[in-house]
Structures are given as C-alpha cells and as structure tokens.
Amino acid sequence: MSRRNRGGANTTFVNNVRGPTSALTSFLNERGIRRANPAPAPAPPPQAPTATVGEEEEEEEGEDEEQSSAASSTPPTRTTRLTRGRTIVTTTVATSSRVSRSESAKKDGDNQDVNKEDGGNDDDDGDDDDDDDDEDYKVQRTSVRISIRSTRASSSSAASSSKAAASKADATSSKKRPRKKDSLSDSDNPEDKDFHDITGYVQRSNFSHKGRMPQGSNKIEFCSRCRARFTIRAGTKPAVDEDTGGLLCPTCAGSPSPAPSSDQKARPVKRLRRKIQKVEIENQIPSLQDLCIKKIANCIEDVEAFGDISDISLDKICRIISRNRSLSDETVRLFLDPRHYDMSLYDCTEITPVGFKNIAYLCPKLRSLKLKFCGRINDAVMSLYASHLTQLTSLSLIGPILVTEATYIKFFEAVENGFEKFELKHSARFSLKTLKALCENCPNLTCLRLGDCNMMDDEWIEPIAGLTKLRSLRIRNPGRGRLTTEPVVKLIQAVGSGLEELELKGCVDLEDAILVDAIRPCCVRLERLNIAGCELLTTEAVENLFKDWSTNRGLNYVNLENCILVGDEALKALTSHSAETLETLSIKGLDELTKEALLTIARCENLTTLDASWCRAMDDDVMKEIMDSAPKLMNVDVWGDHRLTECCVSRKGMKIVGREGDYLDLKFI
Amino acid sequence: MAATTTENEYVTLESSDGFQFIIHREAAMLSGTVRNMLSSAGQFTESTEGVIHFRDIKAVILEKVCKYWYYKARHLNSVTEIPHFEIEPEYVLETLMAADFLDT
Numbered sequence: 001m002s003r004r005n006r007g008g009a010n011t012t013f014v015n016n017v018r019g020p021t022s023a024l025t026s027f028l029n030e031r032g033i034r035r036a037n038p039a040p041a042p043a044p045p046p047q048a049p050t051a052t053v054g055e056e057e058e059e060e061e062g063e064d065e066e067q068s069s070a071a072s073s074t075p076p077t078r079t080t081r082l083t084r085g086r087t088i089v090t091t092t093v094a095t096s097s098r099v100s101r102s103e104s105a106k107k108d109g110d111n112q113d114v115n116k117e118d119g120g121n122d123d124d125d126g127d128d129d130d131d132d133d134d135e136d137y138k139v140q141r142t143s144v145r146i147s148i149r150s151t152r153a154s155s156s157s158a159a160s161s162s163k164a165a166a167s168k169a170d171a172t173s174s175k176k177r178p179r180k181k182d183s184l185s186d187s188d189n190p191e192d193k194d195f196h197d198i199t200g201y202v203q204r205s206n207f208s209h210k211g212r213m214p215q216g217s218n219k220i221e222f223c224s225r226c227r228a229r230f231t232i233r234a235g236t237k238p239a240v241d242e243d244t245g246g247l248l249c250p251t252c253a254g255s256p257s258p259a260p261s262s263d264q265k266a267r268p269v270k271r272l273r274r275k276i277q278k279v280e281i282e283n284q285i286p287s288l289q290d291l292c293i294k295k296i297a298n299c300i301e302d303v304e305a306f307g308d309i310s311d312i313s314l315d316k317i318c319r320i321i322s323r324n325r326s327l328s329d330e331t332v333r334l335f336l337d338p339r340h341y342d343m344s345l346y347d348c349t350e351i352t353p354v355g356f357k358n359i360a361y362l363c364p365k366l367r368s369l370k371l372k373f374c375g376r377i378n379d380a381v382m383s384l385y386a387s388h389l390t391q392l393t394s395l396s397l398i399g400p401i402l403v404t405e406a407t408y409i410k411f412f413e414a415v416e417n418g419f420e421k422f423e424l425k426h427s428a429r430f431s432l433k434t435l436k437a438l439c440e441n442c443p444n445l446t447c448l449r450l451g452d453c454n455m456m457d458d459e460w461i462e463p464i465a466g467l468t469k470l471r472s473l474r475i476r477n478p479g480r481g482r483l484t485t486e487p488v489v490k491l492i493q494a495v496g497s498g499l500e501e502l503e504l505k506g507c508v509d510l511e512d513a514i515l516v517d518a519i520r521p522c523c524v525r526l527e528r529l530n531i532a533g534c535e536l537l538t539t540e541a542v543e544n545l546f547k548d549w550s551t552n553r554g555l556n557y558v559n560l561e562n563c564i565l566v567g568d569e570a571l572k573a574l575t576s577h578s579a580e581t582l583e584t585l586s587i588k589g590l591d592e593l594t595k596e597a598l599l600t601i602a603r604c605e606n607l608t609t610l611d612a613s614w615c616r617a618m619d620d621d622v623m624k625e626i627m628d629s630a631p632k633l634m635n636v637d638v639w640g641d642h643r644l645t646e647c648c649v650s651r652k653g654m655k656i657v658g659r660e661g662d663y664l665d666l667k668f669i
Numbered sequence: 001m002a003a004t005t006t007e008n009e010y011v012t013l014e015s016s017d018g019f020q021f022i023i024h025r026e027a028a029m030l031s032g033t034v035r036n037m038l039s040s041a042g043q044f045t046e047s048t049e050g051v052i053h054f055r056d057i058k059a060v061i062l063e064k065v066c067k068y069w070y071y072k073a074r075h076l077n078s079v080t081e082i083p084h085f086e087i088e089p090e091y092v093l094e095t096l097m098a099a100d101f102l103d104t
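Protein chains in written order, with full-length UniProt numbering: chain Z, 1 to 669; chain P, 1 to 104.
Calculated from the structure, these hints are not laboratory results. We put the beta carbon where it would ideally sit given N, CA and C, even for glycine. Hints may contain errors.
Unchecked claim - Partner residues are not named here, just some residues of chain Z that face chain P (Cβ under 8 Å, in silico):
| no. | residue |
| --- | --- |
| 1 | Leu291 |
| 2 | Ile296 |
| 3 | Thr390 |
| 4 | Met654 |
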C-alpha cells in the first residue's frame with residue numbers, strides 16, 4: 001500500500017506501512033479529534049518556548065533523519081544541522097515519549113509527512129521496529145524497543161520522559177498553536193472513551209504482542225528498490241543499497257540491476273486496461289457458460305439429446321447452473337429423473353411451486369432432498385412431498401419462509417419413523433410446537449441441524465434431548481440471549497454419548513460449563529467440534545476440556561473461530577490431545593495466541609486445512625514449521641496475518657489464501 | 001521485446017486425447033484460467049513454454065471453446081450486430097463444464 005502513495009501528503013504511519021489515511025482518520029484529524037494521550041502530560045521544554053511552529057516542525061524532521069539510516073536529502077539543511085546536536089542528546093527519551101503519545105495520535109505522522117519529500121519517506125525508517133500492535137494502536141517511528149516496553153508497563157515511569165521532546169512533539173501534532181494547551185489538558189481517559197464511542201471501536205484484546213515476542217524475532221521491512229516486503233531474520237543483517245542507503249530484499253541484493261522497478265510500474269496500468277476490457281466484454285458478448293445454459297433451457301424438451309450423464313457430472317452441472325442463478329422451472333427438469341435417489345439443488349430462487357411439485361411427481365423414489373434458498377416453497381408443496389415422497393429419509397431446507405407450522409407438523413406425522421436427517425435454516429415460522437412434533441414423530445433422527453431459527457430458545461432444548469439416537473447435532477446462531485448454558489449442558493449430558501459431531505456455532509451466551517461439565521465427561525465419541533463465536537468461553541475451560549481427555553480418542557475437526565478469550569494454553573492442550581487425529585483446525589480471530597502456541601500446531605501431522613486468519617503472531621517461521629510437519633496440509637487461510645510475507649514457502653498443490661503481499665498490487669486498481 | 005512477442009504470439013493447448021490447438025495468445029487470454037496459467041509470476045512450465053495440457057477436456061469440446069474465444073475476440077469491439085454462437089446440444093453439457101473450468 002505504501003508504494004502507491006506518491007502524493008506525500010495525507011499519509012500516516014502504521015506498522016511501518018505508509019498509505020493514504022482512511023476517510024475516518026482524515027475526518028478526525030480535520031476536526032482535531034484524536035485519542036487521548038495515555039502518557040502523563042509532559043513538562044515544558046528546555047529550549048526557548050517561543051519557538052515558532054514552523055521551526056519546530058523542521059526540528060522534528062531533522063530528528064527523523066537522525067534516527068533513520070537513510071541519507072535522503074531534505075531541503076532544510078540549516079535547521080537540520082542546528083537541531084542535530086540537541087537531538088543526539090535526547091534521542092532515547094524523545095522516542096519514548098513519542099511512542100507513548102503516538103499510540104494515541106496519528107496526527108503527527110500526517111503533519112510531518114506533509115512537509116516531507118517522497119524520497120525521504122521511503123527510505124527513512126530503516127531503523128524502525130516493526131509493529132505487532134493491534135490496528136488501533138498505531139505506533140510510529142519506534143526506534144528504541146525498550147522504551148516502548150517501559151511506557152506500556154507503567155505509564156508513570158514515562159512521566160520522566162523529557163519535557164522537551166514531549167512538548168515539541170505535541171507542538172507538531174497540532175498546527176494550531178492555541179489549541180495545544182487544551183488538547184494537553186484534555187488528554188485523559190474519559191476522552192479516550194469518547195473516542196471509542198465516536199469510532200465505534202470495540203475493545204478486543206488490549207495487549208501487544210511486542211512484549212511477548214522473543215527478543216530475537218524477525219522484522220519486516222520494505223525493500224528500497226523494488227518496494228517488496230521482506231523479512232529480516234533475527235540476528236541477520238540485510239543488504240544495504242549503496243546509492244541510497246536503504247535496505248534491500250534478498251532478490252534485489254542478489255541482482256544489482258534496478259531493472260525490475262520499471263516492470264513493477266508497468267504492471268498496474270496493464271491490469272487496469274485489462275479490467276476495463278473485461279467489463280466491456282461482459283456487456284456485449286455473453287459468456288460461454290451463459291450460452292450453454294441458455295441452450296440447455298432451450299433444448300430441455302428432448303433431454304435425450306444431451307446423452308448419458310453420470311451422477312457426478314450431473315451434480316457438477318447443477319452446481320454450475322446454480323452458481324449462475326439459472327436454475328429455473330425449465331432447467332431443473334434436466335435433473336429430474338425417476339431413477340434418482342438423491343437430489344441437491346443449490347439455488348432454488350427461481351423455481352416456482354410448480355417446479356417444486358414436479359420434483360415430487362418425477363422423482364418419487366427420492367431418499368434425500370436438499371433445497372437451498374427455497375423461498376418459494378409453500379404449504380401445498382410440502383403436503384405433496386409428505387404424501388408422494390414416501391421413501392424420504394433426509395430433508396434439508398434452507399430459507400423456506402412460506403411454510404407454516406401446521407404443514408410442518410403434518411409432514412412430520414407423515415414421514416414418521418424412517419426419517420433420519422432434518423436440516424432447517426433461516427426459518428422464522430418453525431416453532432417449539434413443530435419441533436416437538438418432529439421429536440415425537442421421528443425418534444430415529446440421527447442428524448439434526450437447526451440454524452438461524454428466530455424462535456429458538458431454551459425451551460427447544462428439552463424435546464431435542466429426547467432424540468437419543470442423534471449422532472450429529474448442529475445448533476447455529478440462536479440469537480443473543482436466547483440459549484443459555486444450563487439447558488444445553490443438560491442436553492449434551494442426555495445425548496452426548498452418541499454424538500460424533502457437535503456444533504454450537506454462534507451460541508454467544510454459552511459459558512465454560514458447556515466444555516467442562518458437559519462435553520468433557522459425555523462426548524466420548526466426538527470427532528467434530530465447532531464452538532465458533534462462543535465469546536464467553538475462556539482459555540481455562542478449553543484447556544481443561546482437552547487436558548488428559550483420555551475418554552476421547554481425538555478430534556479431527558475443531559473450530560474455535562472468534563472465541564476471543566481463548567489463548568495460548570488452550571491451543572497447546574488441544575494440539576497435544578488431538579495431535580494425531582486433527583485434520584481441520586480453525587483458530588481464526590484468536591488474537592492472543594503467541595508464536596510459541598502457534599508452533600505447537602506442528603504436532604498435528606495429519607492436518608489438511610488450517611484457518612489461522614487474524615492470528616497476528618503467525619509469521620514465516622511458524623508457517624514453515626507447520627508445513628514441514630504436516631505433509632497433507634493443502635489449504636491455509638491467513639487473512640490479516642501481517643507478519644507473513646510473500647517469501648513464505650509454499651509447495652505444489654497447496655493453497656495459501658489471504659496473504660497480504662498477494663493483494664498489495666490489486667488494492668489500488 | 002520484439003523477439004519475445006513473435007515467440008509468444010501463439011500458445012498450444014493440448015486436449016485429453018492428444019490433439020493440439022495452436023491459437024493466438026490474445027484469444028486464449030480471454031479465459032480467466034488460461035490467463036492465470038500463462039501470466040502467473042512463478043516459473044511454471046505453462047508460462048515458460050506456452051503449452052497447456054487439459055487432461056479433462058476432449059478435443060471436440062476444446063475446439064468449440066477455441067472457436068468461442070475467436071468469436072469473442074473478433075466481436076469484442078464490434079458495433080454491428082453480433083451473430084449467434086451455435087453450440088450443438090449433444091456437446092452443450094460438456095462444454096458447460098469446460099467453460100466453467102476455464103472461466104469463460
């Protein structure tokens with residue numbers, strides 16, 4: 001992102017990355033709104049307090065050069081030389097105060113940059129530490145790591161920070177001199193909260209990885225020549241460009257010719273042209289897929305013309321047509337054949353009740369029926385299914401908004417004992433009464449999936465507890481305050497012994513007792529566990545669940561997405577319990593995990609899919625370690641893992657999705 | 001640069017039953033999948049040699065797809081009425097699957 005900014009103005013420093021500020025940031029800056037300064041108010045500066053703002057700004061600039069290894073030439077040489085002597089003395093203190101302040105205000109960065117030359121911008125942060133903070137903590141230009149720690153650890157110790165530096169920094173932070181005093185005195189915690197209200201910022205985990213990182217951790221820098229991001233491994237020194245003094249990535253260091261830069265510049269233009277071209281094409285000429293689908297719709301009358309199609313390709317074709325949203329009453333007839341036992345239609349938006357009825361008339365032997373987005377299915381169709389599809393054992397409906405309570409009950413009474421699998425999502429009319437009818441009429445149900453049912457609450461749990469043959473239970477997104485811990489604990493204690501799969505995704509009100517009192521003692525056969533989005537579950541509970549859980553032989557699917565309180569110990573316990581069996585793991589959004597815990601994922605040798613998005617401690621080293629130990633690993637999601645660079649190793653057939661570096665170029669096109 | 005353009009003006013597409021289709025690079029680039037194969041940054045054989053093997057697409061279908069690419073390339077910026085592109089019903093399903101794969 002940084003590379004695209006040619007204007008120089010309106011830039012900010014975030015994690016060593018410079019780019020245009022967001023609309024919100026510029027708005028806040030414009031209005032003079034900024035986060036309060038967590039550090040105590042600094043005392044007046046030792047040098048003449050009457051110095052003008054302009055001069056002070058130039059001092060700041062000079063100091064930046066002082067800290068940087070770059071020898072970029074900036075115009076105000078006089079002031080630079082003047083201030084150099086002074087800043088050498090106060091460098092460490094200045095940085096510490098600046099860090100503490102800059103946690104709150106990004107404004108200084110903006111103002112400084114307005115005055116800076118482009119070249120200086122690119123080269124001058126050679127010494128800077130990379131920043132592991134959450135996005136809200138924007139530490140800029142931190143050259144002394146220790147000083148950061150001290151400011152974080154005790155803000156009182158930062159009080160000793162030099163008066164000169166602090167007030168100087170403040171002067172630069174707001175150009176309007178008169179405002180300066182106000183902003184200083186205002187900078188208390190209350191204002192801090194106000195800021196959060198304004199921005200709608202939600203407190204997540206209020207800590208930095210910086211303190212937890214081992215001392216010799218890797219740094220990420222930008223190459224001064226090709227602008228690519230690269231990792232400086234701990235203890236090694238990167239190559240330095242002889243001409244400009246900037247750092248060089250391994251590729252550029254190997255090939256001294258600056259040729260690739262011209263390539264880099266040429267690329268976006270090409271892409272842009274291509275994109276425009278693409279839009280034009282799509283406006284004029286229909287895609288081959290559309291042509292084919294149209295042809296299918298036209299020729300649907302004589303299905304024989306298509307020849308024999310295997311079930312697998314038929315399903316594939318169904319997916320393609322659904323993806324194009326072209327499954328209609330006409331096209332669906334391609335998939336209707338009296339010999340079929342299973343049917344899955346992936347997008348029934350366009351299918352009318354007549355089309356749904358045709359399914360029952362033309363495929364009377366259906367055992368399993370899955371209809372996605374079946375918004376137009378109604379009572380008449382459901383009654384027809386109940387009377388005609390006598391062999392139906394599995395029904396899956398997504399979004400049946402028109403079907404009423406009474407029809408569900410009639411349907412369940414008709415299908416009776418044979419019914420094994422029922423899935424229902426996004427239904428506002430499915431009520432406790434219908435659920436009771438389901439549980440009474442279909443005691444042999446092995447698989448029950450209820451998602452986004454608006455009426456779901458604690459009372460629904462009791463009838464489900466009577467389904468003793470359940471092997472798979474999924475309850476998803478019951479809504480806040482609808483489903484509480486106690487009934488769910490009872491439910492799992494009743495049916496848990498048979499469960500192979502348990503999903504409680506988005507049951508936000510569930511507490512630790514679920515894991516410790518219900519799942520651990522009861523779910524001995526459990527293989528798949530999904531507790532994504534259960535925000536109240538703590539590290540201790542997850543750790544207690546997996547620690548010495550000898551009754552369970554190991555899980556192969558675990559989803560801990562967005563369980564924001566879960567930390568290191570939990571992941572360590574999980575990876576040691578299910579080391580041999582785990583195949584799919586999602587730890588998306590577990591912000592507090594550190595490198596140490598992430599490295600334990602390497603114990604899982606059979607891992608095939610890993611979602612480690614927003615685990616900010618994830619870096620090239622950890623990824624390499626995991627990849628080396630898990631030969632079957634094929635899919636990795638790494639959205640928002642900013643320490644992972646494009647240099648991280650990959651192998652044939654492996655998909656790494658969401659690497660920041662892969663999208664840098666696309667962002668501005 | 002001139003030498004490389006002449007060299008790369010054509011690409012070779014090979015079907016599952018061994019037929020080779022040598023077509024203009026520009027036309028082949030109309031497919032999202034082929035474009036990614038030919039322009040990916042890594043040193044893949046597809047991008048270095050300009051030969052792509054499609055193990056799942058038969059010659060009849062690949063020919064149809066190539067025809068479509070040329071049809072599209074020709075009428076890309078035309079202002080006159082575009083003629084209909086004819087697909088035989090017996091191939092339409094396989095063509096659909098190939099088109100889906102090739103992002104065409």
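Do the hints match the structure? See the list:
1. Taken as an interface hint, Leu291/Z checks out: its beta carbon lies about 6 Å from the nearest beta carbon of chain P, inside 8 Å.
2. Given the 8 Å rule on beta carbons, the hint for Ile296/Z holds: about 6 Å separates it from the nearest Cβ of chain P.
3. At its closest, the beta carbon of Thr390/Z sits 31 Å from a beta carbon of chain P; the interface hint therefore is violated under the 8 Å criterion.
4. Hint on Met654/Z is violated. Least Cβ distance to chain P is approximately 13 Å, over the 8 Å limit.
Hints 3 and 4, counting from the list given before, are not met by this structure.
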